[in-house]
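Novice: Numbering (the working numbering), first residue to last: 272 to 392.
Since the hints were made in silico from the structure, they are not lab data.
Where is the CB? At the ideal position from N, CA and C, for every residue including glycine.
Fair warning: there could be bad hints in the mix.
Said to hold, decoys possible - Label pairs and their computed distance ranges (CB to CB): (1) Arg386 to Asn320: 19 to 27 Å; (2) Arg386 to Glu325: 35 to 43 Å; (3) Pro368 to Arg322: 18 to 26 Å.
Said to hold, decoys possible - Restricting the straight-line Cα-Cα distance to at most 20 Å, the calculated cross-link-like pairs of lysine to aspartate or glutamate (DMTMM-like) are: (4) Lys327 to Asp305; (5) Lys309 to Glu338; (6) Lys327 to Glu338; (7) Lys354 to Asp367; (8) Lys354 to Glu369; (9) Lys309 to Asp335; (10) Lys327 to Asp367; (11) Lys354 to Glu325; (12) Lys308 to Asp318; (13) Lys354 to Glu338; (14) Lys327 to Asp378; (15) Lys327 to Glu315; (16) Lys308 to Glu338.
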Amino acid sequence: HLPSPGLSPHRPMVDASTAVVLLSQSPAATATADRCKKQLRALERCDGNSRRRETKMCRMVEQDWLECAGRGLCTTEHAAFSKCWASYLNSGAYQDPETREAYASCDRFIGPLRRCVLAAA
272 HLPSPGLSPH
282 RPMVDASTAV
292 VLLSQSPAAT
302 ATADRCKKQL
312 RALERCDGNS
322 RRRETKMCRM
332 VEQDWLECAG
342 RGLCTTEHAA
352 FSKCWASYLN
362 SGAYQDPETR
372 EAYASCDRFI
382 GPLRRCVLAA
392 A
């Protein structure tokens, strides 16, 4: 059984209040916030319960939000993560076409996407 991609228990999560503030600071970020309202509401629900915040489900919610927000703000990082995610869903792993390395999760690609979204917003 392979671990879920992007769900390392050791990575810090984006909280909803930070996401709201960051996504109200520029026109591109505001457009992203409008497009990703559903994901942001789910992230807010996870933030509202401290016991649920670190659960696998809430990590998936954060990943969904990052995937939505990154689509418009961070095209390079989003493309790298999306390739990994699609490959993982289809085959259970991802082989980087440049390095030919195989990965059983997408953790390596979610970190740069998170940093880019937070920096761009």
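Novice: Against this structure, judge whether each hint is valid.
Specialist: Each hint, compared with the structure:
1. Taking the beta carbon of each, Arg386 and Asn320 are about 26 Å apart, inside 19 to 27 Å as hinted.
2. Between Arg386 and Glu325 the C-beta distance comes to about 20 Å, which lies outside the given range of 35 to 43 Å.
3. Pro368 and Arg322 have their C-beta atoms about 40 Å apart, which leaves the hinted 18 to 26 Å range violated.
4. Simply put, Lys327 and Asp305 have alpha-carbon atoms about 26 Å apart, too far for the 20 Å limit, and the pair is violated.
5. Restraint check: the Cα-Cα separation between Lys309 and Glu338 comes to about 12 Å, which is no more than 20 Å; the hinted pair holds.
6. A C-alpha spacing of about 16 Å is found between Lys327 and Glu338, which places the hinted pair at or below 20 Å, so the restraint holds.
7. A distance of roughly 9 Å separates the Cα atoms of Lys354 and Asp367; the hinted pair therefore holds under the 20 Å criterion.
8. Proposed proximity of Lys354 and Glu369 is supported: the alpha carbons are some 13 Å apart, at most 20 Å.
9. The hinted pair formed by Lys309 and Asp335 meets the criterion: a straight-line CA distance of about 10 Å does not exceed 20 Å.
10. Between Lys327 and Asp367 the CA atoms are separated by roughly 25 Å; this puts the pair beyond 20 Å, and the hint is violated.
11. Simply put, Lys354 and Glu325 have alpha-carbon atoms about 26 Å apart, too far for the 20 Å limit, and the pair is violated.
12. For the given pair, Lys308 sits about 15 Å from Asp318 by alpha-carbon distance, which is consistent with the 20 Å threshold.
13. Simply put, Lys354 and Glu338 have alpha-carbon atoms about 12 Å apart, close enough for the 20 Å limit, and the pair holds.
14. At most 20 Å may separate the alpha-carbon atoms for a hinted pair to count; Lys327 and Asp378 meet this at roughly 14 Å.
15. The hinted pair formed by Lys327 and Glu315 meets the criterion: a straight-line CA distance of about 15 Å does not exceed 20 Å.
16. Restraint check for Lys308 and Glu338: satisfied, since their Cα atoms lie roughly 13 Å apart, inside the 20 Å limit.
Checked against the numbered hints above, the structure breaks hints 2, 3, 4, 10, 11 and satisfies the rest.
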